[in-house]
Amino acid sequence: MNIVDRGFMKILVTVKRVVDYNVKVRVKADHSAVELANVKMSINPFCEIAVEEAIRLKEKGIASEIVVVSVGPKSCQETLRTALALGADRGIQIEAADGLDSLAVAKLIAKVAKDESADLIIMGKQAIDSDNNQTGQMVAALLDYPQATFASEIVVENNVAKVTREIDGGLQILSVTLPAVVTTDLRLNEPRFASLPNIMKAKKKPLDVKTAEELGVNTDSNIEIITVMPPSDRKAGIKVSSVAELVEKLKNEAKVLS
Amino acid sequence: MSLLIIAEHDNKELKPSTLNTIAAAQKITNDIHVLVAGMNCQTVAEQAANAISVTQVLLADNGAYEHQLAENISKLVVDIARGYGHILAPATTAGKNLLPRVAALLDVAQLSDVIEVISNDTFIRPIYAGNALATVKSSDAVKVMTIRATGFDPVASQGGSATITTLEQVIISENSQFVSEQLAVSDRPELTAASIIVSGGRGMGNGENFQMLEAVADKLGAAVGASRAAVDAGFVPNDWQVGQTGKTVAPDLYIAVGISGAIQHLAGMKDSKVIVAINKDEEAPIFQVADYGLVADLFDAVPELEKSL
Ligand SMILES: Cc1cc2nc3c(=O)[nH]c(=O)nc-3n(C[C@H](O)[C@H](O)[C@H](O)COP(=O)(O)OP(=O)(O)OC[C@H]3O[C@@H](n4cnc5c(N)ncnc54)[C@H](O)[C@@H]3O)c2cc1C
Ligand SMILES: Nc1ncnc2c1ncn2[C@@H]1O[C@H](COP(=O)(O)O)[C@@H](O)[C@H]1O
Numbered sequence: 042m043n044i045v046d047r048g049f050m051k052i053l054v055t056v057k058r059v060v061d062y063n064v065k066v067r068v069k070a071d072h073s074a075v076e077l078a079n080v081k082m083s084i085n086p087f088c089e090i091a092v093e094e095a096i097r098l099k100e101k102g103i104a105s106e107i108v109v110v111s112v113g114p115k116s117c118q119e120t121l122r123t124a125l126a127l128g129a130d131r132g133i134q135i136e137a138a139d140g141l142d143s144l145a146v147a148k149l150i151a152k153v154a155k156d157e158s159a160d161l162i163i164m165g166k167q168a169i170d171s172d173n174n175q176t177g178q179m180v181a182a183l184l185d186y187p188q189a190t191f192a193s194e195i196v197v198e199n200n201v202a203k204v205t206r207e208i209d210g211g212l213q214i215l216s217v218t219l220p221a222v223v224t225t226d227l228r229l230n231e232p233r234f235a236s237l238p239n240i241m242k243a244k245k246k247p248l249d250v251k252t253a254e255e256l257g258v259n260t261d262s263n264i265e266i267i268t269v270m271p272p273s274d275r276k277a278g279i280k281v282s283s284v285a286e287l288v289e290k291l292k293n294e295a296k297v298l299s
Numbered sequence: 362m363s364l365l366i367i368a369e370h371d372n373k374e375l376k377p378s379t380l381n382t383i384a385a386a387q388k389i390t391n392d393i394h395v396l397v398a399g400m401n402c403q404t405v406a407e408q409a410a411n412a413i414s415v416t417q418v419l420l421a422d423n424g425a426y427e428h429q430l431a432e433n434i435s436k437l438v439v440d441i442a443r444g445y446g447h448i449l450a451p452a453t454t455a456g457k458n459l460l461p462r463v464a465a466l467l468d469v470a471q472l473s474d475v476i477e478v479i480s481n482d483t484f485i486r487p488i489y490a491g492n493a494l495a496t497v498k499s500s501d502a503v504k505v506m507t508i509r510a511t512g513f514d515p516v517a518s519q520g521g522s523a524t525i526t527t528l529e530q531v532i533i534s535e536n537s538q539f540v541s542e543q544l545a546v547s548d549r550p551e552l553t554a555a556s557i558i559v560s561g562g563r564g565m566g567n568g569e570n571f572q573m574l575e576a577v578a579d580k581l582g583a584a585v586g587a588s589r590a591a592v593d594a595g596f597v598p599n600d601w602q603v604g605q606t607g608k609t610v611a612p613d614l615y616i617a618v619g620i621s622g623a624i625q626h627l628a629g630m631k632d633s634k635v636i637v638a639i640n641k642d643e644e645a646p647i648f649q650v651a652d653y654g655l656v657a658d659l660f661d662a663v664p665e666l667e668k669s670l
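So the protein sequences, as listed, match chains A and B.
Just so it is clear: in the first sequence, position 128 is 169 by the numbering used here, and no numbers are missing.
Just so it is clear: in the second sequence, position 183 is 544 by the numbering used here, and no numbers are missing.
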């Protein structure tokens, strides 16, 4: 029976806790990492869009349950609570150190998605800290599910998701059979804000904690970060007072116009 | 060991980002193979064979590969992966869609957006919207990486003479179907390959006003780009977005008009050789990276600029 007729569709959404997008990070003096002490942390914006999309599918009566998952130390429970306040039903924290590589994260998420029999997995296209843009594709590969990345529209009909994707040349529409992985792009939706009553209610929603050992996933990495350096600084140039001066400089000084 | 590059193409033409990726590969090995998977893409294979430094082209020409579906091509790549120490693709939406899938099937990590090759196993990639550069070392048996084109000057597209070998494997996933595509047709250069870019932001006010920028671009042979705000507002199509989560560009000249200069926008253009900013707010952060800043109302400055070119 197809998922919509079955009347039960479970969506799994992943959320990552990252440095807030308004923060300009600084590299630590010893060049080991970026400074994260006393820096504002938030839900990764693309994950927020993923949560919103799942909630809309539930509001339309297409989805029946939304499970949010985050991989990381205890602090990411805060991110899960944010997602629960927005409207997710249940949270799972997979206890792990910060900085696992994407393959390890993908293995953990894939295992949970399998255990939960999720019909649709919605993830952000990119975490704005690592800028990896890979975890969703890896989850899809590990489960041998189809994928639709960089989504700007998702339409679920019967057993398929018709997804519009933002690609380099424009837009592409794919039809993927569920279960599938979809990753979100910026234009998919505009996330709502959580209301105060919902923030209170979220505190009572179930939140489970699991470990990599319990899930039987090996999270070792073959990637080692040797140094983290600041980029070479770009100095501000000069102000010109008119268009004529600008054109003159571009021709004679910068020599980028002929 | 040899290295495999997944070519970026549209079944007719090898895209320039492949040539940048070959340049990155040259720093790793001199046995460079290129996979051209598509449909009716023999000419692409010939172009790849002509590119400098390519030693072998593998051509998989079948309907299953026409639309670069990741489900199909990832398995094809894994099927031929034996013997390769590195598998590379340009960090385009196609490469980003495909390569992590390859990596996971091979049970190895992926390094995204590599901008510098230090050695066979050590690479530099930007993180946090380019506000930090991580040097990473991989001990994976196969190093799977996407290459950011702006980090490497393209190799010559002519002068090579690689052999072309045909692959017979046909891998079709029933779970993923191409439905349709809406691709922009434009006479202007592609954003990521243009030597001059004129970009507009929210300050443009609406989509029609972008015609002012297009007029400037046409005089300069430039591409037109945009900030996220301009795309979100529906002024221009999504594929014009420059930034952390859009396209990364590094032209000789980048003219930012009515763009404030948020971190996420700067991430996509701050490696441009010369940056010009036109903004009416003299405090706009874009001026901190601009070589030439003009504090002015764009509705006066842009038409004037167009006339003076
Ligand atoms: C997860 C995430 C990813 C993002 N990715 C990207 C990305 O890839 N690319 C990107 O660009 N942004 C991205 N952003 C958005 C970014 O944070 C900014 O919101 C965006 O870049 C702002 O666009 P803007 O400069 O056009 O608009 P604004 O910040 O509103 O700036 C408009 C500017 O126009 C000027 N202006 C207005 N009228 C005039 C006039 N008549 N003449 C002259 N100047 C005028 C104003 O002074 C102002 O400086 C991302 C944000 C998030 C959260
Ligand atoms: N530690 C994590 N916990 C939960 N989700 C994650 C984690 N890391 C990555 N993801 C998900 O994968 C997406 C892409 O991340 P990345 O591949 O790291 O850019 C993110 O937007 C999240 O949805």
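Hints are computed from structural coordinates only; laboratory data are not their basis.
Certain hints may be false.
[Claimed, not checked] Below, a sample of chain A positions facing chain B; criterion: calculated Cβ distance under 7 Å: (1) A70; (2) H72; (3) M82; (4) S158; (5) G211; (6) V217; (7) T218; (8) E265; (9) S273; (10) V288.
[Stated by the list, open to error] Subject to a maximum C-alpha distance of 20 Å in a straight line, what follows is the list of computed DMTMM-like cross-link-like pairs (lysine to aspartate or glutamate): (11) K203(A) / E427(B); (12) K51(A) / D172(A); (13) K280(A) / D548(B); (14) K101(A) / E194(A); (15) K280(A) / D658(B); (16) K242(A) / D130(A); (17) K296(A) / D613(B); (18) K246(A) / E136(A); (19) K641(B) / E667(B); (20) K276(A) / D642(B); (21) K641(B) / E286(A); (22) K498(B) / D71(A); (23) K436(B) / E254(A); (24) K280(A) / E569(B); (25) K634(B) / E294(A); (26) K296(A) / D579(B); (27) K634(B) / E289(A); (28) K296(A) / E286(A); (29) K292(A) / E667(B); (30) K251(A) / D172(A); (31) K81(A) / E119(A); (32) K668(B) / E569(B); (33) K373(B) / D548(B); (34) K280(A) / D642(B); (35) K498(B) / E286(A); (36) K99(A) / D71(A); (37) K580(B) / D642(B); (38) K668(B) / D579(B); (39) K580(B) / E265(A); (40) K668(B) / E289(A).
Quick reminder that beta carbons are idealized off the backbone N, C-alpha and C, glycines included.
Status of the hints after comparison with the structure:
1. A70: 13 Å, violated
2. H72: With a closest approach of 9 Å, the H72(A) hint is violated.
3. M82: 13 Å, violated
4. S158: S158(A) check fails; min Cβ-Cβ to chain B is 17 Å, beyond 7 Å.
5. G211: At about 4 Å, which falls below the 7 Å cut-off, the nearest Cβ of chain B leaves the hint on G211(A) intact, so it holds.
6. V217: Holds. Min distance 5 Å.
7. T218: 4 Å, holds
8. E265: Holds. Min distance 5 Å.
9. S273: 9 Å, violated
10. V288: 5 Å, holds
11. K203(A) / E427(B): The hint holds at about 19 Å.
12. K51(A) / D172(A): 28 Å, violated
13. K280(A) / D548(B): 33 Å, violated
14. K101(A) / E194(A): Holds: K101(A) and E194(A) sit about 15 Å apart, inside 20 Å.
15. K280(A) / D658(B): Judged against 20 Å, a Cα distance of about 14 Å means the pair holds.
16. K242(A) / D130(A): 11 Å, holds
17. K296(A) / D613(B): Cα-Cα ~10 Å, so holds.
18. K246(A) / E136(A): 18 Å, holds
19. K641(B) / E667(B): 18 Å, holds
20. K276(A) / D642(B): 19 Å, holds
21. K641(B) / E286(A): Holds, at about 17 Å.
22. K498(B) / D71(A): The hint holds at about 18 Å.
23. K436(B) / E254(A): 29 Å, violated
24. K280(A) / E569(B): Violated - the C-alpha atoms of E569(B) and K280(A) are around 28 Å apart, more than 20 Å.
25. K634(B) / E294(A): 13 Å, holds
26. K296(A) / D579(B): Holds. K296(A) to D579(B) sits at ~19 Å (cutoff 20 Å).
27. K634(B) / E289(A): Holds, at about 17 Å.
28. K296(A) / E286(A): 14 Å, holds
29. K292(A) / E667(B): Roughly 15 Å separates the two Cα atoms, so the pair holds.
30. K251(A) / D172(A): Given pair K251(A), D172(A) is violated - Cα atoms ~26 Å apart, limit 20 Å.
31. K81(A) / E119(A): 13 Å, holds
32. K668(B) / E569(B): 19 Å, holds
33. K373(B) / D548(B): 17 Å, holds
34. K280(A) / D642(B): 12 Å, holds
35. K498(B) / E286(A): It is violated: about 48 Å lies between the C-alpha atoms, which goes past 20 Å.
36. K99(A) / D71(A): 47 Å, violated
37. K580(B) / D642(B): 27 Å, violated
38. K668(B) / D579(B): Since the Cα atoms of K668(B) and D579(B) sit roughly 12 Å apart, the hinted pair holds (cutoff 20 Å).
39. K580(B) / E265(A): 48 Å, violated
40. K668(B) / E289(A): 14 Å, holds
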